[in-house]
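Single-letter residue listing:
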Amino acid sequence: MKVLTANRLSDGIAVWYADGGWAETVGHADIAHDKTAEDRLEAIGAAAYANNEVVDVNLIDVEVVDGLVEPVRLREKIRAAGPTIRTDLGKQAAPEAIGA
Amino acid sequence: MYRYDEFDQDFVHARVAEFSDQVQRRLAGEITEDQFRPLRLMNGVYLQLHAYMLRIAVPYGTLNSKQLRMLGHIARKYDKGYGHFTTRQNIQFNWPALSDIPAILADLASVEMHAIQTSGNCIRNVTADHFAGAAADEVADPRPYAEILRQWSSVHPEFSFLPRKFKIAVTGAERDRAAIQTHDIGLHLKKNAAGELGFAVYVGGGQGRTPMVAKKIRDFLPEADLLSYCTAILRVYNLYGRRDNKYKARIKILVHETGVEEITRQIEAEWQELKDAELKLPEADIQAINAYFAPPALTDRPEGDALVKQARLDSKSFSEWLDQNVVTHRHPDYAAVTISLKGIGEVPGDATDSQMEAVADIAEKYAFDELRVSHEQNLILPHVARADLKAVYDALAEIGLATANSNLISDIISCPGLDYCALATARSIPIAQEISQRFASLERQREIGELKLKISGCINACGHHHVGHIGILGVEKKGSELYQVTLGGSADENTSVGEIIGRGFSSDEITDAIEQIVDTYLGLRLSPDERFIDAYRRVGPAPFKEALYAGETKAA
Numbered sequence: 035m036k037v038l039t040a041n042r043l044s045d046g047i048a049v050w051y052a053d054g055g056w057a058e059t060v061g062h063a064d065i066a067h068d069k070t071a072e073d074r075l076e077a078i079g080a081a082a083y084a085n086n087e088v089v090d091v092n093l094i095d096v097e098v099v100d101g102l103v104e105p106v107r108l109r110e111k112i113r114a115a116g117p118t119i120r121t122d123l124g125k126q127a128a129p130e131a132i133g134a
Numbered sequence: 324m325y326r327y328d329e330f331d332q333d334f335v336h337a338r339v340a341e342f343s344d345q346v347q348r349r350l351a352g353e354i355t356e357d358q359f360r361p362l363r364l365m366n367g368v369y370l371q372l373h374a375y376m377l378r379i380a381v382p383y384g385t386l387n388s389k390q391l392r393m394l395g396h397i398a399r400k401y402d403k404g405y406g407h408f409t410t411r412q413n414i415q416f417n418w419p420a421l422s423d424i425p426a427i428l429a430d431l432a433s434v435e436m437h438a439i440q441t442s443g444n445c446i447r448n449v450t451a452d453h454f455a456g457a458a459a460d461e462v463a464d465p466r467p468y469a470e471i472l473r474q475w476s477s478v479h480p481e482f483s484f485l486p487r488k489f490k491i492a493v494t495g496a497e498r499d500r501a502a503i504q505t506h507d508i509g510l511h512l513k514k515n516a517a518g519e520l521g522f523a524v525y526v527g528g529g530q531g532r533t534p535m536v537a538k539k540i541r542d543f544l545p546e547a548d549l550l551s552y553c554t555a556i557l558r559v560y561n562l563y564g565r566r567d568n569k570y571k572a573r574i575k576i577l578v579h580e581t582g583v584e585e586i587t588r589q590i591e592a593e594w595q596e597l598k599d600a601e602l603k604l605p606e607a608d609i610q611a612i613n614a615y616f617a618p619p620a621l622t623d624r625p626e627g628d629a630l631v632k633q634a635r636l637d638s639k640s641f642s643e644w645l646d647q648n649v650v651t652h653r654h655p656d657y658a659a660v661t662i663s664l665k666g667i668g669e670v671p672g673d674a675t676d677s678q679m680e681a682v683a684d685i686a687e688k689y690a691f692d693e694l695r696v697s698h699e700q701n702l703i704l705p706h707v708a709r710a711d712l713k714a715v716y717d718a719l720a721e722i723g724l725a726t727a728n729s730n731l732i733s734d735i736i737s738c739p740g741l742d743y744c745a746l747a748t749a750r751s752i753p754i755a756q757e758i759s760q761r762f763a764s765l766e767r768q769r770e771i772g773e774l775k776l777k778i779s780g781c782i783n784a785c786g787h788h789h790v791g792h793i794g795i796l797g798v799e800k801k802g803s804e805l806y807q808v809t810l811g812g813s814a815d816e817n818t819s820v821g822e823i824i825g826r827g828f829s830s831d832e833i834t835d836a837i838e839q840i841v842d843t844y845l846g847l848r849l850s851p852d853e854r855f856i857d858a859y860r861r862v863g864p865a866p867f868k869e870a871l872y873a874g875e876t877k878a879a
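Chains as they are written, first to last, in the numbering used here: chain A, 35 to 134; chain B, 324 to 879.
No wet-lab data here; the hints were simulated from the structure. Even for Gly, the Cβ is constructed at its ideal location relative to N, Cα and C. The reader is advised that the hints may include incorrect statements.
To give an idea of the interface, some chain B residues facing chain A are shown, with a C-beta separation under 7 Å as derived from the structure [what the hints assert, rightly or not]:
(1) G352
(2) L370
(3) H373
(4) K403
(5) A420
(6) L421
(7) L845
Okay, derived cross-link-like pairs now, DSSO-like style, lysine-lysine, Cα gap no bigger than 27 Å in a straight line [unchecked claim]:
(8) A:K111 <-> B:K868
(9) B:K868 <-> B:K801
(10) B:K688 <-> B:K800
(11) A:K111 <-> B:K801
(12) B:K403 <-> A:K125
(13) B:K539 <-> B:K569
(14) B:K400 <-> A:K125
(15) B:K800 <-> A:K111
(16) B:K801 <-> A:K69
All chains should be modelled from the sequences, with the hints used to inform the complete structure.
Now the structure itself:
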């Protein structure tokens, strides 16, 4: 199970592909359940990169917990939340946004 | 301190204009990321986990209060209210928008600062002893030479596309506080028997995945030959350094693979071609740069002794701070002060916007407007009258920066680790915080004595773990963070690389393991004067292995 992630070109903020656009939180990212869907996300990422919307485009492993997408690797968990030592910063600073 | 001349100022302004244009073109989609990446890196802009990161150069760690105030302003206006001082004596901001970077660079240029060559395969910020110009044990101030190297290496056309990055450090004292033997070139400023200034030259030190202690290739290089000799070294490296494998591209690998004798021969041969040509430094030029670093007019303040004595009696915490964070100055009425950015449980090296501004005020009022960033991620007031120490202490205490832990176990060097860094494999900062909290008692820290603990969140070793008396390296193993411990490293005049003590520890175990190592040391040291590193060198790893792993062997 994978989702597409990148950093927005203009401000570098981590974003995830969801519902036809780039969301600032991972919770409702579009999930690829098979190779065909992964290829589709990859093509979207390549196009967005070529179109100078985002940089550092990657497919990452995720799971679904309580109806929300969560990255599997610690690195991606931290990207999705913010620094673990500054919970007042990053996405976690506005917890309601994570589920939004 | 050094002031930009017309050339410097024009150059920095031109670079701001050039990079601003490149940013605009990138944002407009006129250049691709592949085209832009090397340009942004040359201007200190990285992409990290959460956002872009901007690394700003602080040449040889020297700042004035106006500059520090500007860094505070940038933290507040463009970032999230704080900055991170680094082991290259620089500062990093963790959250700037790419679209704001032209404005940040323009603000920096207004106080003679920039972010040029803080990344990329070029000669990086030249570092120096943070007590330069103040230290009682100094032969001469190393910063004029660092400045000469800065001018020579800035956009040097021949050395802008090296096989890999290149770091130079300079010290002017026998006691090495600049870790010169862990650098690509380490320079020890000294005097020969005739009283002339020159350098012992070390080459091929470095950390990362292949740590190496630099080799001394010359015991005395006359000061006039500084640039011709460095050019010779860089030329040999540029020609023969490996470009096929980024992990083998540093000069340390070239020195190691070629052999010290042969590489010295090559460098000396190259130097013969250069030494009497235009790179020879004219005495007048050295003097002109030296004049910029003229020490402040330190008037006698003999009342300091009595004031300090009385203040010690009045305040135990002041007295402890004095013992730990204040060092002898070459002028007996003055002292150099370490402002610890390692408050118990805080993030090593971080300072808030208002702390930066308050420290700038203190420097202006009590320290001749001079500040330093140390490679140990602290700030330094190099010249404070002993008579003003209590006032400085009180002002620092007010902003939470009077922690009396310089050189103690909680004075930890830590890289940003996986909390920020795109390359990291494990977190560093939470481990530093937990260890600092475990050893929060100053009494206990002082009982342990000098202990350099350094943490890196990946093999690139930005947290200098290889040269920590105790080093911690965080790696990812089977999806979890694992912390490997090295013992016996050191980054002073007796530089050594630490040895891996055994299997790694989970994040839950690592602080207990460190405590066990410290308790083992306390149990075996010959006296409180025998520092951890000295005891380790005397007894070796065996007692520490026994303490950490004996139970496992028996159980197995």
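Q) So which of those numbered hints doesn't the model satisfy? A) Checked against the structure, the hints that fail are numbers 7, 8 and 10, while the rest are satisfied.
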